[in-house]
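Modelling step: build the complete structure from the supplied sequences, incorporating the hints.
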Amino acid sequence: MASSEQPLPARQDDAGRRKRVRRTTLVVTFVVLAFYFGFIAMMLYRATH
Amino acid sequence: MAETPHTEAHAHAEHDHDHKPHGWRRWVFATNHKDIGTMYLVFSCIMFFTGGAFAMMIRAELFKPGLQIVDAGVFNSLTTMHGLVMIFGAIMPAWVGLANWMIPIQIGAPDMALPRLNNLSFWILPFAFVLLLSSWLVPGSAPAGGWTMYPPLTLQFGASFPMLIFAIHMMGISSILGAINVIVTIMNLRAPGMTLLRMPLFVWTWLITSFLLVAVMPVLAGAVTMLLTDHFFGTSFFNAAGGGDPVMFQHIFWFFGHPEVYIMILPGFGVVSEIIPAFSRKPLFGYEAMVYATASIAFLSFIVWAHHMFTVGLPTSALLFFMFATMLIAVPTGVKVFNWTATMWRGSLTFEPPMLFALAFLFLFTIGGFSGLMLAMVPADFQYQDTYFVVAHFHYVLVSGSAFAIIAGVYYWLPKWVGRMYDMTLAKWHFWLSAIFFNVLFFPQHFLGLAGMPRRIPDYAVQFADWNMVSSIGGFVFGLSQLLFPYIIWKCVRSGQRVEGTRAWDGARGLEWELPSPAPYHSWTIPPTEAMIARGAEH
Amino acid sequence: MYRARLGIRPGIWLSIAALLAAAGAALPAMADESPRGGWGLLNLPVGVTSISRDVYSIHMMAFWVCVWIGVLVFGVMIWSIIFHRRSRGAVADVTLVHNTKVEIVWTTIPVLILVGMAIPAAHGIVLIGDDAHSQLDIKVTGFQWGWQYEYVGKGVSFISKLDAKSMAASELDSGISPYSVPHYLRNVDHPLVVPVGTKVRLLVTAVDVIHSWWVPDFGIKKDAIPGYINTSWFEVDANKPGVYRGQCAELCGRGHGYMPIVVDAVSKADFQAWLKREAAAEKAAASS
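If you read the protein sequences in the order shown, they are chains A, B and C.
So the first sequence is numbered by my numbering: it starts at 272 and just counts up by one.
So the second sequence is numbered by my numbering: it starts at 17 and just counts up by one.
So the third sequence is numbered by my numbering: it starts at 582 and just counts up by one.
None of these hints come from the bench; they were simulated from the model.
Take the hints with a grain of salt, since some may be wrong.
Just so you have them, the derived chain C footprint on chain B, three or more residues with Cβ under 8 Å [claimed, not checked]:
#1 81–92
#2 152–162
#3 348–357
#4 396–404
Just so you know, even glycine gets a beta-carbon here, dropped at the ideal spot from N, CA and C.
Structure follows, in structure tokens:
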């Protein structure tokens, strides 16, 4: 894709920032999945007990 | 003005033009935050008129008593689809579009943190809505159980039911991905010197909105999944005959639904908090109080859901708790309104279209807040619940709240986006027609509700005829006058007068007004200077 | 910079037009002979039960609180809009960005107002929730689309549905004017009959989907939910016999707009006589 062929100056030399972006993304994604599956597990528990 | 970074940024803009992809690839493979923002806004505009067409049909049927245009089943489909399309198709994508355009610019970042995810979260939406809207064509027609999808009613619908569920799932995933992107961008890509308490309020409100989205969209997804399994796989989550509980769905739905209404209004608070200072030529009054008020509204939104269901037979203790918690929301909301008022106080006001729409927001959203406070009073709510009083209330906060804030934001930032100014005279006509006929449309609905007209009915007793006719006339003019909006934008993009310099409005503050107009394809390839950030964060 | 070229002229024209339209709308209202019809329908009914009067007073209190706050807040806004505009030469006071004292005041005062509003509302909740010592129990069952009423322990039970005239006129393009039908969509074949001056408890449920039983003049609305029995109560004032009308308030499918509720409140003696007749008639119908 065209825009990723040439990394933007503000990002290309900032490996630390890339790492932080990845970490934040994973944390937030984990929260979403925890909410989704945690919620369904809670409902299943309520429906079966 | 710090000239050096400005010219450098400009030089970059020229340079980047060469690398802009052309043709359909630019849009289908888009990773640029501005291109994706534009697509979101165009999509939202199309959905706004689609949902608006449904609303016009609803008002046409309600123009006089008796059924003249559609039968009762189609009417229910119209109200259901109007709600779904306006909420998930028009308002929410419009906010994501504005977030895409403005957040990187306002925090001094080159782009969103996750550009490919950004592409995905947009491109899910057209498919979701093709699926949802094509349910008009299947046997039994479109979903007709209300946008709230209460079982057991919603489980009675045939072919359209799974389409609705999967469309909701797709919209939910799109919103969640968008919210993740916003959180990651704001947390990591702020320019050096752009501390949290220097961020513009639009960024703040969107950050808080994203957390709400991340917390409640999975709950909605879970709720509709349970509806799906109840319908197709013999589970009894909500089926009383199988030991399930129909009221449980309402608790779950409104645990999502109440934060959802703040998801639609908080970014509007942000936009208005940018526009009122700009046209009062005065910094925002009580910046930190605004941030804390937004956060407390977001927190309270999680503990008030049952005020949507006071009549389901809750125990007295629950009624008391949810009434008190709901009334409490009036405090931070009041703080916001007082702060906006104090921002105008002893300012130097002018009334360009963005300011006009922001002022309409201020007045009319406050009226919606008043009826909201009345609805919080449980005994009175027993009379208001499920009547046109509620319809009037939520249109005051959603149309003159969210939609007017979106329009205000577009009129405010459009010169920055395209480097051209729109036709102010036409935009003022758009404003006055909208503001006046909005009230002709929705104010009489307060009367109808108090007089005893329930919502979601295709036909009504003759004593409700007069105000329904007034409301319908208001609706037709309001709906038609919205056609001015895309025309004004189109005319501006094609042939608007060029905007010189960085600032389209003399009172505007913030990093977006430090970039040239139109904003370069890649926003802050060189981070903004400390002086620019300080100028933008005068509060 | 871009300055307003047109001023607010289109707005003024349109405002005048809207005012004229409103005046035009108000004129027939004055000519309207019926006290609670058409244009005159603007507010909640005071109703005929202690609950409905309590609800009405809470509603009016909340309304006036909102009106006065509105006058104050909108007054300040309008003052700014008129007197602090640049075209009048107003210069912005950019130091006015923060004032802890004022901010504390406008946080505390709303809290006090809210407490003042919450107290009568809490009383109202307790009043409406007190369904003990009822003198007559009626089980109300919603279905698609009508209501079944069962007088608990009295041997009387019947179904109440939209009347035939409304039904015929309500068809798509029926050609029958709704105005020619008495109580269009608010009339039933078989009304609920209750005695005045008697505490009537309702046991509300449903068989298929969720409905909601609502009579504005009684000040109560209760959802009818499959698998649940919700209770509610009312006592029609002894001096207010009459026919009171309402309708289903929860979306329940295509017939949602067509399930009215009609309550005929009669004297205690008339009620006893009606009950006897009704029980006999139902017995005869069952044995035949």
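Do the hints match the structure? See the list:
For the stretch 81–92 of chain B, the assignment as covered by chain C holds, since 9 residues bring a beta-carbon within under 8 Å of that chain's beta-carbons and 3 suffice. Given as covered by chain C, the stretch 152–162 of chain B passes the check, having 3 residues with a CB less than 8 Å from a CB of that chain where 3 are the minimum. With a cut-off of 8 Å between beta carbons, the stretch 348–357 of chain B has 5 residues touching chain C; three or more are needed, and the interface restraint holds. Residues of the stretch 396–404 of chain B lying with their CB closer than 8 Å to a CB of chain C number 6, which satisfies the three-residue condition for coverage.
Comparing the model with each numbered hint stated earlier shows that all of them hold.
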